[in-house]
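Engineer: All chains should be modelled from the sequences, with the hints used to inform the complete structure.
Chains as they are written, first to last, in the working numbering: chain U, 1 to 316; chain H, 1 to 285; chain W, 1 to 255.
It should be emphasised that the hints constitute simulated quantities derived from the structure, not laboratory data.
Keep in mind it's a predicted model, so treat the numbers as computed, not measured.
The reader is advised that the hints may include incorrect statements.
[Claimed, not checked] Sample of chain U residues at the chain W side, in silico, Cβ under 8 Å: (1) Arg169; (2) Ser170; (3) Arg171; (4) Ser174; (5) Val177; (6) Asp182; (7) Asp184; (8) Ala185; (9) Met189; (10) Val191; (11) Thr193.
Idealized CB from N, CA, C, for every residue including glycine.
Each chain, letter by letter, is given below.
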Amino acid sequence: MRPWLTLAIIAVAAVLLALLPLTGDAVWIQFGINALLLATCAQAWNILGGFTGYVSFGNSVFYGLGTYGTAAAMTQLGWLFPVGLALGAGAAMVLALLLGIPILRLRGPYFAIATLGLSAAMAAVVSNIDAVGANIGLILPLTRADGMFYELALALLLACTLTVAWLARSRFGSGLVAIREDEDAAASMGVDTTRYKVIALVLSALFTAIAGGIHAYWITFINPASAFDPTLNVQMVIFAVFGGPGTVLGPVVGAFILSAIYEVLASWISTAAAFLFGLVIVLAVIFTPRGLADIFGGVRRHGAAYLLQNIRENRL
Amino acid sequence: MLLAQILVNGILLGGLYGLMGLGMALVWGVLNIVNLAHGSFIMLGGYAVFYLFTLAGIDPLAALPIAMAMLFVFGWLLQRFVLNLIVRSELLNTLLITFGLDVVITYLAQYLFTADFRTINPSYAGANITAAGVTVPLLLLAAFLIALLLAGALWLLLNRLPLGRAIRATAQNLVAARLYGVDPRSVYALTFGLGAALAAAAGGLYGITAHLTPYIGVTLTAKSFVIAIIGGLDNPFHIVLGGIVLGVAESLTALYLGPTYTDVISFGLLVVVLVVRPRRALRAA
Amino acid sequence: MSAAADAIAPATAPVLDARDLTKRFQGLVSVNAVSFTLAKSEILGLIGPNGAGKTTLINMISGALAPSAGELWFEGRRIDGVPAYQRAHLGIGRTFQVMKPFPRLTVLENVAVGALFGFHGGIRSMKEAREAARQCVEFTGLARRIDQSADALGGPDRKRLELAKALAMRPRLLLLDEVMAGLTPVEVDEVVDVIAKIRDSGVTIIVIEHVIKAIRRLSDRILVLHHGEKIAEGDPATVLGDQRVIEAYLGTRRQ
Numbered sequence: 001m002r003p004w005l006t007l008a009i010i011a012v013a014a015v016l017l018a019l020l021p022l023t024g025d026a027v028w029i030q031f032g033i034n035a036l037l038l039a040t041c042a043q044a045w046n047i048l049g050g051f052t053g054y055v056s057f058g059n060s061v062f063y064g065l066g067t068y069g070t071a072a073a074m075t076q077l078g079w080l081f082p083v084g085l086a087l088g089a090g091a092a093m094v095l096a097l098l099l100g101i102p103i104l105r106l107r108g109p110y111f112a113i114a115t116l117g118l119s120a121a122m123a124a125v126v127s128n129i130d131a132v133g134a135n136i137g138l139i140l141p142l143t144r145a146d147g148m149f150y151e152l153a154l155a156l157l158l159a160c161t162l163t164v165a166w167l168a169r170s171r172f173g174s175g176l177v178a179i180r181e182d183e184d185a186a187a188s189m190g191v192d193t194t195r196y197k198v199i200a201l202v203l204s205a206l207f208t209a210i211a212g213g214i215h216a217y218w219i220t221f222i223n224p225a226s227a228f229d230p231t232l233n234v235q236m237v238i239f240a241v242f243g244g245p246g247t248v249l250g251p252v253v254g255a256f257i258l259s260a261i262y263e264v265l266a267s268w269i270s271t272a273a274a275f276l277f278g279l280v281i282v283l284a285v286i287f288t289p290r291g292l293a294d295i296f297g298g299v300r301r302h303g304a305a306y307l308l309q310n311i312r313e314n315r316l
Numbered sequence: 001m002l003l004a005q006i007l008v009n010g011i012l013l014g015g016l017y018g019l020m021g022l023g024m025a026l027v028w029g030v031l032n033i034v035n036l037a038h039g040s041f042i043m044l045g046g047y048a049v050f051y052l053f054t055l056a057g058i059d060p061l062a063a064l065p066i067a068m069a070m071l072f073v074f075g076w077l078l079q080r081f082v083l084n085l086i087v088r089s090e091l092l093n094t095l096l097i098t099f100g101l102d103v104v105i106t107y108l109a110q111y112l113f114t115a116d117f118r119t120i121n122p123s124y125a126g127a128n129i130t131a132a133g134v135t136v137p138l139l140l141l142a143a144f145l146i147a148l149l150l151a152g153a154l155w156l157l158l159n160r161l162p163l164g165r166a167i168r169a170t171a172q173n174l175v176a177a178r179l180y181g182v183d184p185r186s187v188y189a190l191t192f193g194l195g196a197a198l199a200a201a202a203g204g205l206y207g208i209t210a211h212l213t214p215y216i217g218v219t220l221t222a223k224s225f226v227i228a229i230i231g232g233l234d235n236p237f238h239i240v241l242g243g244i245v246l247g248v249a250e251s252l253t254a255l256y257l258g259p260t261y262t263d264v265i266s267f268g269l270l271v272v273v274l275v276v277r278p279r280r281a282l283r284a285a
Numbered sequence: 001m002s003a004a005a006d007a008i009a010p011a012t013a014p015v016l017d018a019r020d021l022t023k024r025f026q027g028l029v030s031v032n033a034v035s036f037t038l039a040k041s042e043i044l045g046l047i048g049p050n051g052a053g054k055t056t057l058i059n060m061i062s063g064a065l066a067p068s069a070g071e072l073w074f075e076g077r078r079i080d081g082v083p084a085y086q087r088a089h090l091g092i093g094r095t096f097q098v099m100k101p102f103p104r105l106t107v108l109e110n111v112a113v114g115a116l117f118g119f120h121g122g123i124r125s126m127k128e129a130r131e132a133a134r135q136c137v138e139f140t141g142l143a144r145r146i147d148q149s150a151d152a153l154g155g156p157d158r159k160r161l162e163l164a165k166a167l168a169m170r171p172r173l174l175l176l177d178e179v180m181a182g183l184t185p186v187e188v189d190e191v192v193d194v195i196a197k198i199r200d201s202g203v204t205i206i207v208i209e210h211v212i213k214a215i216r217r218l219s220d221r222i223l224v225l226h227h228g229e230k231i232a233e234g235d236p237a238t239v240l241g242d243q244r245v246i247e248a249y250l251g252t253r254r255q
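Structural biologist: Laid out in structure tokens, this is it:
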């Protein structure tokens with residue numbers, strides 16, 4: 001897609017989305033906050049996962065640190081919300097920096113698994129710290145300002161998406177993509193692979209942690225199970241991959257579509273929503289293994305046969 | 001004495017863990033699929049044994065082979081008709097689809113079996129023997145021995161039987177396997193079925209020693225994963241050993257730091273093993 | 001042909017100075033105490049039977065492998081502990097025998113990575129880097145494929161892409177690992193011309209090749225590896241006529 005077209009789409013979408021609270025519909029706004037925060041997480045995951053190909057299941061750690069950093073700063077230290085956000089984001093970035101260097105040496109499934117282990121271990125660590133409520137959690141001061149949370153979440157998503165748009169056409173982003181395509185070749189051509197991967201992880205941690213912090217203040221109650229929820233991480237991956245990893249708009253579109261589907265399913269048949277959601281994932285992987293972004297081109301070229309062609313390519 | 005007791009508990013529990021890891025490692029090693037639904041297979045095996053016992057009155061240990069056969073068929077069908085469609089796709093897609101399956105299975109289980117805690121409770125559930133001041137729960141001992149037995153059977157299958165040769169050939173090189181007249185599709189389906197059957201055995205034994213809910217899958221998947229990494233993917237006995245390492249580590253953690261730290265240790269161990277010994281982990285791939 | 005080698009002043013450090021380079025893999029010696037030097041704008045042909053250690057030697061020079069023993073000096077500084085990406089910044093560029101294109105990027109994007117990150121850390125401006133990449137693509141005869149994705153290229157074009165990517169790094173030392181394998185005689189002649197032009201622009205080159213005709217035409221000097229050892233080094237006519245070299249190639253050592 002042409003860069004100016006991408007930027008135009010981002011600008012129009014941002015303006016339209018910013019106007020949504022004017023409808024005053026509380027249900028829409030609440031759905032919007034959730035969808036925007038999830039889209040931010042998917043987009044943040046995309047910085048590392050989509051561009052370098054390193055599949056992280058540890059981004060929920062950054063989310064959890066943002067959540068706890070904000071909550072602990074506000075409830076235990078009496079600091080202001082923005083300071084709490086900064087604390088949470090700072091903690092997440094420091095952790096990304098410290099852990100990124102050893103863990104990003106691992107490749108393929110080993111990186112994915114190490115990050116999965118990391119997120120489980122972090123949740124267990126936090127549930128043992130009494131100062132942050134151990135496994136009971138923390139309760140934040142109640143603020144009835146859904147409109148503000150909505151605009152904050154939108155601003156964050158916009159910042160994250162613009163960062164990705166910059167990545168897509170910058171020297172730094174080219175280095176990340178080269179790592180994804182062939183890490184050894186990238187290194188031999190002069191890409192400082194370790195530094196690039198770590199920076200991507202730190203950027204990813206920054207946006208994910210702020211999303212966690214906003215969510216904490218909005219939802220006002222947090223505990224280790226919800227803050228470090230591994231399913232949240234899987235959602236990030238699915239949204240990004242469904243929408244098209246390594247693209248600028250794909251992860252956001254994927255997140256909006258899938259959270260809308262989930263929301264509709266939940267209101268329609270609440271008990272079976274998760275079941276159908278799982279089914280959607282299975283079918284999406286089978287029929288569109290390269291994500292939504294690929295569908296448009298694929299269907300234009302091959303029509304409906306595109307879906308069957310994917311199966312032919314990947315079956316045995 | 002307390003330490004000895006803890007070690008014995010850890011080792012026995014580790015046998016069960018090893019059994020969980022066996023199916024995961026087999027599927028991973030042969031199909032190159034990290035099956036995130038493995039834990040939910042264990043859960044299904046547990047419920048199969050539970051209902052065979054409570055509804056049909058079949059002794060849980062006798063019900064194990066039946067549950068294994070059921071899950072074998074389930075796994076075979078799943079691989080042949082669903083996973084086979086994406087088996088050549090990239091790793092991320094196999095992770096996603098097995099995660100999707102895990103969600104589907106978990107919610108079907110919740111619908112069919114309800115979310116109530118279930119325990120398989122035969123009359124001999126509490127039996128134990130005491131030797132040298134150490135109490136050995138007989139059921140855990142049986143679970144340990146069954147794990148060893150199945151590891152031995154798997155080793156024999158892979159190393160001594162023609163089918164095992166076909167499986168190993170397929171794991172090494174698809175094209176070469178085809179040249180030798182092996183149909184990789186049927187080998188894959190068989191292997192996946194075997195992995196599910198091993199999960200069923202682990203699930204039945206898990207249900208006897210702990211309680212079942214539809215939601216145990218995720219944690220058990222993660223544990224199976226840790227075990228497969230510690231043990232490597234090559235030798236079934238190493239995987240049981242990996243299970244024992246995890247079992248002992250968890251028991252010691254529970255003793256010295258408290259039971260809430262066991263997950264810190266088991267998942268911390270995973271990260272440390274991966275980072276400190278990447279070569280070993282990479283070789284296993 | 002060896003005029004360039006003679007022209008070098010004795011006081012200047014050689015471009016590359018390998019001293020007893022050795023690589024062992026779990027006890028197996030792949031390269032054993034190989035020493036040689038390279039003068040500016042010189043082309044060294046590296047030949048030897050399969051498994052002789054040629055690619056291993058290249059890997060140690062580019063930084064893909066760390067030597068087990070020995071020293072490596074590049075333009076007067078020791079580099080055997082320097083990571084691969086920094087060697088690229090110093091001016092060492094390479095191609096891979098087992099080609100490593102970035103499969104889902106276009107030819108231009110592939111080559112642009114070299115321009116963006118190569119010598120001195122590359123060109124900072126995306127626009128200038130793409131322009132530099134475009135020139136390399138044209139120079140290597142890939143212009144008509146410039147917007148195709150790399151995984152759509154056939155074998156010979158993939159070889160050209162390897163060369164274009166390395167060239168875009170503006171290397172001072174270029175390591176070419178079998179860039180002519182599988183090409184037709186006409187295509188080999190084209191690539192030979194391209195390599196000669198690159199050398200004429202002041203680049204020092206090591207060429208691994210099995211196409212002896214091309215090696216003979218290009219090389220100022222030839223180094224022969226056999227079982228990881230240097231068995232001959234010198235001007236092409238002498239080396240290619242050497243009885244030991246012929247035996248190594250024809251496998252008639254054991255008579």
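Engineer: Against each hint, give a clear statement of whether it holds in the structure.
Structural biologist: Against the structure, the hints come out as follows:
Because the closest C-beta pair between Arg169 of chain U and chain W is about 7 Å apart, less than 8 Å, the hint holds. With its C-beta approaching chain W no nearer than about 7 Å, Ser170 of chain U sits inside the 8 Å limit, and its interface hint holds. At a threshold of 8 Å, the smallest CB-CB gap from Arg171 of chain U to chain W is about 5 Å, leaving the interface hint in force. Here the hint on Ser174 of chain U is kept, as its CB sits about 6 Å from the closest CB of chain W, short of 8 Å.
Contact between Val177 of chain U and chain W, as hinted, is supported at the beta carbon level, the nearest pair being about 7 Å apart and thus within 8 Å. At a threshold of 8 Å, the smallest CB-CB gap from Asp182 of chain U to chain W is about 5 Å, leaving the interface hint in force. A cut of 8 Å between beta carbons decides the hint on Asp184 of chain U: the least distance to chain W is about 6 Å, and the hint holds. For Ala185 of chain U, the shortest C-beta to C-beta distance to chain W is roughly 4 Å, which falls under 8 Å, so the interface hint holds.
Contact between Met189 of chain U and chain W, as hinted, is supported at the beta carbon level, the nearest pair being about 5 Å apart and thus within 8 Å. Because the smallest distance between the Cβ of Val191 of chain U and any Cβ of chain W comes to about 5 Å, under 8 Å, the interface hint for this residue holds. Annotation: interface hint on Thr193 of chain U holds; nearest CB of chain W at approximately 7 Å, less than 8 Å.
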